[in-house]
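*Asks:* With the hints as extra help, turn the sequences into a complete structure.
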Amino acid sequence: MKRRDFIRTGGAIIVSFAFDAALPDMSSAQTSDLGKPVDPREVDSFLAIHTDGSVTIYTSKVDVGTGLKIAMSQVVAEELDIPVDRITVVEGDTALTPNQGGTGGSTGIPQGAAELRRAAATARQALLKLGAQPGGNIGALAGGKRLNLKVDPNAPLKDPKTYTVVGKPIPRPDVPDKCTGRNVYVQDHTLPGMLHGRVIHAPAIGAKLMSVDESSIGAIPNVRVVRIQDFLGVVAPDEWAAIRAAKELKTTWTESQILPGSDNLDVHVRNSAPDRDETIVNKGDAAAALAGSAKQLSALYVWPIQSHASLGPSCAVADVRADGTTIWTASQGPHGMRTSFSRIFGIPEDKLRVIFLDGSGSYGSNGNDDAAADALLLSRAVGKPVRVQWMREDEHGWDPKGPPQVLEVRGGIDRDNRINAWDMQMWLPMNIQGTRPLLSVDAAGITQPHGQGAGLMSQNGDAPYLASNVRVTVHWLKGTPLRPSNLRAPGKIANVFAVESFTDELAAAAGVDPIEFRLRALTDLRAIDVIKRAAEMIGWEGRPSPNRHPTNSNIVTGRGFAYARYKQAENYVALAMEVAVDRKAGKINVRRVTCAHDGALVVNPDGLRNQIEGSILQTLGRTLHEEVKFNRSRVTSVDWASYPILSFPEVPSVEVALLNQPALAPLGAGEAATAPVAAALANAVFDATGVRLRRVPLKLEV
Amino acid sequence: MPTFKLRVNGRAVTVDSWDPAQPLLYVLRNSLGLHGTKFGCGLGQCGACTVLIDGKATRSCITPVKQAEGHAITTIEGLGSPEKPDPVQSAFITEQAAQCGYCTNGMVMTAKSLLRQTPHPTTEQVKQGLGRNLCRCATYTRILAAVIRAAKA
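Note that the protein sequences, when read in sequence, are chains A and B. Each residue of the first sequence is one higher than the one before, starting from 1 at the first, in the working numbering. Each residue of the second sequence is one higher than the one before, starting from 1 at the first, in the working numbering.
None of these hints come from the bench; they were simulated from the model. Don't take every hint at face value.
Straight line, CA to CA, 25 Å or less: simulated DSS-like cross-link-like pairs of lysine-lysine [said to hold, decoys possible]:
id: 1; chain 1: B; residue 1: 127; chain 2: A; residue 2: 699
id: 2; chain 1: A; residue 1: 567; chain 2: A; residue 2: 283
id: 3; chain 1: B; residue 1: 56; chain 2: B; residue 2: 66
id: 4; chain 1: A; residue 1: 629; chain 2: A; residue 2: 567
id: 5; chain 1: A; residue 1: 699; chain 2: A; residue 2: 587
id: 6; chain 1: A; residue 1: 247; chain 2: B; residue 2: 152
id: 7; chain 1: B; residue 1: 56; chain 2: B; residue 2: 5
id: 8; chain 1: A; residue 1: 208; chain 2: A; residue 2: 250
id: 9; chain 1: B; residue 1: 127; chain 2: A; residue 2: 584
id: 10; chain 1: B; residue 1: 127; chain 2: B; residue 2: 152
id: 11; chain 1: B; residue 1: 152; chain 2: A; residue 2: 587
id: 12; chain 1: A; residue 1: 158; chain 2: A; residue 2: 168
Computed beta-carbon distance windows for the label pairs [unchecked claim]:
id: 13; chain 1: A; residue 1: 543; chain 2: B; residue 2: 72; range: 53 to 63 Å
id: 14; chain 1: A; residue 1: 649; chain 2: B; residue 2: 10; range: 30 to 40 Å
id: 15; chain 1: A; residue 1: 434; chain 2: B; residue 2: 16; range: 44 to 54 Å
id: 16; chain 1: A; residue 1: 584; chain 2: B; residue 2: 131; range: 14 to 24 Å
id: 17; chain 1: B; residue 1: 119; chain 2: A; residue 2: 636; range: 15 to 25 Å
Note that the structure is predicted; figures quoted are calculated from it, not measured. Beta carbons: idealized from backbone N, C-alpha and C, even for Gly.
*Replies:* Below you can see the structure in the form of structure tokens.
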């Protein structure tokens, strides 16, 4: 650890001493090795072997707290036959890392690590030709030199049976720094002469800036106001001065009331103009089969708009210079940012470097890209490096949101109590090509694409059970209130909420135990395994729902179950839950969750468990509490009181079983376990109370 | 410019701030370079900015620097280092009780304060004691295990 450069910030300076807080030296575009290859066809783009035998790996897939870094290190260490602690990871630096695409859709392991593995396997073959011995020092053979090799897609890979590093619960290297305050987040990045910036968002979406009274902040030292059309920001050497100036600057804006409001949002969504309807699953004849069902049911499920609600508001540092621009960001797509910012701001790609630094957890595309554009505009305006961090109300109010979902299901069972018809409709925002519009770019009147997309929202819409007549129709809507974006497991949590709640409704109509009902309609052994395992872990008692409980009791208990195969093609996840419901207070208390997870080969079981535990608990919060509220003009749930998430007192016990499949290529696990959570909870509440909740956040009437 | 005398991590420092109402958070981060203390909400709702003032967990985002004057302030850097972590930090590391780690400062500092008052808490007491600290990655079960582990250390 090196002594950190001391930076004088102007507003409040240290008089008596400088801390020697252990932070690494700051990096900058000017001092890095820009000659390094980044072509993803080249081994040297992914790996550098150093003379001491240590190895640096380079990847555009970034670790946003998921443990991806250690998992990737394990995969490479295994193929190169070196200890994992000899590996350092450089992530998401457009000057240094090959472009493997952004981080999302749980592709870090199946795609990102797989590409690194092939590069390492290619390097291993070259090292063997040079005479590498097991456990020998590869630094002496190839250290400090380029391998000048193309990645060989057919390079022999180690047999998983011989693995010694992959599969081990190796601790994450970032955790000690994070627990001692030494980890450097983008929020902590500082540059000499850096100014602190804040943006002033309009009081209403779509409002135009009419006037700015700079005299209103005359008492605050060294503040500069930057206005570019409707984009308004302040910069100051002192962060507190920038914060106060942004808050106290007097402005007037036009009125704007372009939102429908969050009350009865599902009605608005269903009445929104569709671009087109698409039948994404169509087998048999769902309509005819439904008419012939022994029992028919229909139900409407509603998922609200939700926020990424990152704990630390979005932040970026930009340094716009004549000889090149550098952006430090926690965005999950640094390469994508370089491409889009290059076009929007007219900076050639080779003069724009984007460097990932850790951020507060993002669960898809939060406000980080917007904060980067803010910082760039401000830095360009004032000719100095600028750090922008959003305030809490900016993050909750203006991050792009997970869009609302409305799902209608009609289904039936035959005389043998099997699902014979499934007809589902979804209302989802259509995809429009192009990048998501950035707030400050629109405000500044700069031309940019106005793409719309929130991820693969329609997956997991059909029941995974043996129904021979299934139809799933998507009504692709032209627009949606509030800017949509990918939010963890896009679409799939709500889709599985509908699918697995409705399956439970059919099981109840059939008078069959919910797990028994599912198992009768499954043949996939991996599905059956996870289901039986989760059931066994919670001590599932087979009986139809709802539970029969003494009616004089206020506290009633129940258990619920849900299963999903993520994206219908990836991880198998089964979840069982126990709840206690206080009927008088309408309070749902989750006591216990068991989860069985089959994500093929397990790379790091502890990292995997951490992701599964977090997925379950975060989604419990999304199901119990989270709903973005807005009026005709703006988001009104702009803090943790109005947008609560799961908190400690609500945390149940969580038990996770990992079903390892060593012969199958590993899958990502940042999302899959979120998918069945909402349904398992609603099913448990039904079991406890006999009341079926179909709207999230789940609310019991008292 | 007004100056303020503080004791931070056992050392006497004098800082100046044009605004006596400037929250301690920004003084720690920007004047003293102590970046372990995090800005989360500025409203005292999330706990990311927690420091110890005279041993008690305090939200530095809503504590004016003037009010901190004359008091002993401990930040997460003052507890221990990656090489020599404090018992609470050590328990967090053993339990791998972090994902993004942005809330970890507040969790560690609040746990420190809790264990000072209640050295052997029950699980329920830990849940209540950390009840006002939010973790968006929802690493709650591990944090809970870490605090229980620290109590036994």
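*Asks:* When the hints from earlier in the document are held up against this structure, which numbers fail?
*Replies:* 4, 6, 11, 17
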